[in-house]
Amino acid sequence: MEVMFSFALISMSALFILPIFSGIHQERVAVRQHEEALLLLETQVLHYLHGRQGEEPKNTLYTFETIELKDGTMRFCLSWKGANQRDQQTCLYAKK
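If you read the sequence shown in our numbering, its first letter stands for residue 529, the second for the next number, and so on.
Bear in mind the hints are in silico, worked out from the structure with no lab data behind them. In this text, a Cβ means the ideal position worked out from N, Cα and C, and glycines have one as well. The reader is advised that the hints may include incorrect statements.
[As the list claims (entries may be wrong)] Pairs of lysine-lysine residues, derived as DSBU-like cross-links and limited to a Cα-Cα distance of at most 35 Å, are as follows: (1) K586 to K609; (2) K623 to K609; (3) K623 to K586; (4) K598 to K624; (5) K609 to K598; (6) K586 to K624; (7) K598 to K623; (8) K609 to K624; (9) K586 to K598.
[Unchecked claim] The following label-pair restraints were derived from C-beta to C-beta distances: (10) I595 to L567: 12 to 22 Å; (11) I545 to G600: 47 to 57 Å; (12) D615 to H553: 17 to 27 Å; (13) T588 to V559: 37 to 47 Å; (14) M540 to V573: 44 to 54 Å; (15) E563 to Y621: 11 to 21 Å; (16) H562 to K586: 14 to 24 Å; (17) R556 to T594: 23 to 33 Å; (18) R603 to F549: 17 to 27 Å; (19) L597 to L546: 41 to 51 Å; (20) S541 to E593: 41 to 51 Å; (21) T601 to S550: 38 to 48 Å.
Based on the provided sequences and hints, a complete structural model is requested.
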């Protein structure tokens with residue numbers, strides 16, 4: 529009887545803990561995606577500052593956008609749907 533009770537208690541605990549671990553994993557992947565986006569944006573900004581033609585990111589996860597502002601500043605933005613199912617966007621600004 530004690531073994532059955534222990535097994536039931538462990539099973540119930542697992543049912544509550546597994547979704548939490550799944551959410552933590554999704555957040556970790558989302559953080560990695562954000563780090564990758566920042567690296568891609570840094571590369572684009574450096575190409576712009578050094579006068580080289582940068583390539584748009586080939587990763588289909590990200591949507592790349594470049595906008596020239598009124599004062600001559602360039603805004604480089606990446607948008608994507610994160611692993612945590614939230615819309616994400618990060619931008620960097622550069623001026624020559």
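Results for each hint:
Taking the CA atoms of K586 and K609, the gap is about 16 Å. The hint holds against a cut of 35 Å. With a CA separation close to 28 Å, the supplied pair K623 and K609 stays within the 35 Å bound. Taking the CA atoms of K623 and K586, the gap is near 25 Å; set against the 35 Å cutoff, the hint holds. Taken as a hint, the K598 and K624 pair is honoured in the structure, with Cα atoms around 14 Å apart against an allowance of 35 Å.
At most 35 Å may separate the alpha-carbon atoms for a hinted pair to count; K609 and K598 meet this at roughly 29 Å. With a C-alpha separation of about 26 Å, the suggested pair K586 and K624 falls inside the 35 Å cut-off, and the hint holds. For the hint linking K598 to K623, the alpha-carbon distance of about 11 Å falls within 35 Å, and the restraint holds. This hinted pair checks out: K609 and K624 have alpha carbons roughly 31 Å apart, not beyond 35 Å.
For the proposed pair K586 and K598, the alpha carbon gap of about 29 Å is at most 35 Å, so the pair holds. A beta carbon spacing of about 20 Å between I595 and L567 agrees with the range 12 to 22 Å that was offered as a hint. At roughly 54 Å, the beta-carbon separation of I545 and G600 lies within the given 47 to 57 Å, and the hint holds. For the pair D615 and H553, the supplied restraint of 17 to 27 Å holds, since their beta-carbon distance comes to about 20 Å.
As the Cβ distance of T588 to V559 is approximately 20 Å, the hint placing it in 37 to 47 Å is violated. The beta-carbon spacing between M540 and V573, approximately 51 Å, falls within the hinted interval of 44 to 54 Å. For E563 and Y621, the Cβ-Cβ distance of about 19 Å falls inside the hinted range of 11 to 21 Å, so the restraint holds. Checked against the given bound of 14 to 24 Å, the beta carbons of H562 and K586, roughly 18 Å apart, stay inside it.
Taking 23 to 33 Å as the suggested C-beta distance range, the pair R556 and T594 conforms, at roughly 30 Å. At roughly 38 Å, the beta carbons of R603 and F549 sit outside the given window of 17 to 27 Å. Distance hint check for L597 and L546: the Cβ-Cβ separation is about 47 Å, which falls inside the suggested range of 41 to 51 Å. The supplied range of 41 to 51 Å is met by S541 and E593, whose beta-carbon atoms lie about 46 Å from each other.
Between T601 and S550 the beta carbon distance is about 41 Å. The supplied range of 38 to 48 Å therefore holds.
The structure is inconsistent with the numbered hints 13 and 18, although it conforms to all the rest.
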